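Peer 1: Let the sequences and hints guide you as you build the complete structure.
Per the numbering used here, residue -17 is the first one in the sequence shown, and the count goes up by one each step.
No lab work stands behind these hints, which were simulated from the structure alone.
Remember, it's a predicted structure, so these values are computed and weren't measured experimentally.
Incorrect hints may appear among the rest.
[As the list claims (entries may be wrong)] Per label pair, the in silico range of CB-to-CB distance: (1) I(-13) x P117: 14 to 20 Å; (2) Q(-11) x Q27: 28 to 34 Å; (3) G10 x S97: 39 to 45 Å; (4) K15 x K64: 28 to 34 Å; (5) D28 x R105: 34 to 40 Å; (6) R94 x A43: 15 to 21 Å; (7) D120 x G40: 24 to 30 Å; (8) Q74 x I110: 17 to 23 Å; (9) I(-13) x R94: 16 to 22 Å; (10) E19 x L100: 30 to 36 Å; (11) I25 x P75: 30 to 36 Å; (12) Q74 x E41: 29 to 35 Å; (13) M123 x L93: 38 to 44 Å; (14) G92 x T9: 24 to 30 Å.
For every residue, glycine included, the Cβ atom is placed at its ideal position computed from N, Cα and C.
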Amino acid sequence: MPRLIFQNFVPGSVDQVWEQVTACSATGRIDRKALREKYGTLIAQDGDTYTFKETLVGEDAPITWRCSFERPNHRAMTAEGKNWADRYDYFQPMEGGTWWSIVWVPKAGGLRAYSLWLGFQIRSKRRIFRETVQPVLDHFMDGNHQEGTGREQPDD
-17 MPRLIFQNFV PGSVDQVWEQ VTACSATGRI DRKALREKYG TLIAQDGDTY
33 TFKETLVGED APITWRCSFE RPNHRAMTAE GKNWADRYDY FQPMEGGTWW
83 SIVWVPKAGG LRAYSLWLGF QIRSKRRIFR ETVQPVLDHF MDGNHQEGTG
133 REQPDD
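Peer 2: This is how it looks when you write it as structure tokens:
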């Protein structure tokens, strides 16, 4: 089955990139408001696994995501239903930053899976990069992030 993949170097520590991408602290501190803004309405929790219901523009029914967090190295977002792909984020420390990999695994099989992969390569790849990856890169490249603290610097 084809996978849809982005891999990027981000100039921040694993903990900083983890927090920016997942809206969870690397230490396990949970900000429910940040989670709600990032994932939707929290409907269940079991340890480090959270279930959210999210309503997206243009969708008839809300999407239910089950998010598992293995701080600060891995996040899995599995979607209920056949129409959505599961998403896996991996964070690996590298000299000077973090290697961030995003892998989407479509739930469709056979020809439909390859059609989705081809559509991603031709139509959606740039848009998804712009909406998913670019904001994280911009956050760290703007110079408003202080290395080693995990907190943004205040404007002077």
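Peer 1: It remains to establish, for every hint, whether it holds in the given structure.
Peer 2: Status of the hints after comparison with the structure:
| no. | hint | in the structure |
| --- | --- | --- |
| 1 | I(-13) x P117: 14 to 20 Å | holds (19 Å) |
| 2 | Q(-11) x Q27: 28 to 34 Å | holds (30 Å) |
| 3 | G10 x S97: 39 to 45 Å | holds (40 Å) |
| 4 | K15 x K64: 28 to 34 Å | holds (32 Å) |
| 5 | D28 x R105: 34 to 40 Å | holds (37 Å) |
| 6 | R94 x A43: 15 to 21 Å | holds (20 Å) |
| 7 | D120 x G40: 24 to 30 Å | holds (25 Å) |
| 8 | Q74 x I110: 17 to 23 Å | holds (21 Å) |
| 9 | I(-13) x R94: 16 to 22 Å | holds (19 Å) |
| 10 | E19 x L100: 30 to 36 Å | holds (33 Å) |
| 11 | I25 x P75: 30 to 36 Å | holds (33 Å) |
| 12 | Q74 x E41: 29 to 35 Å | holds (33 Å) |
| 13 | M123 x L93: 38 to 44 Å | holds (40 Å) |
| 14 | G92 x T9: 24 to 30 Å | violated (43 Å) |
Violated hints amount to a single one, hint 14; each of the other numbered hints is respected by the structure.
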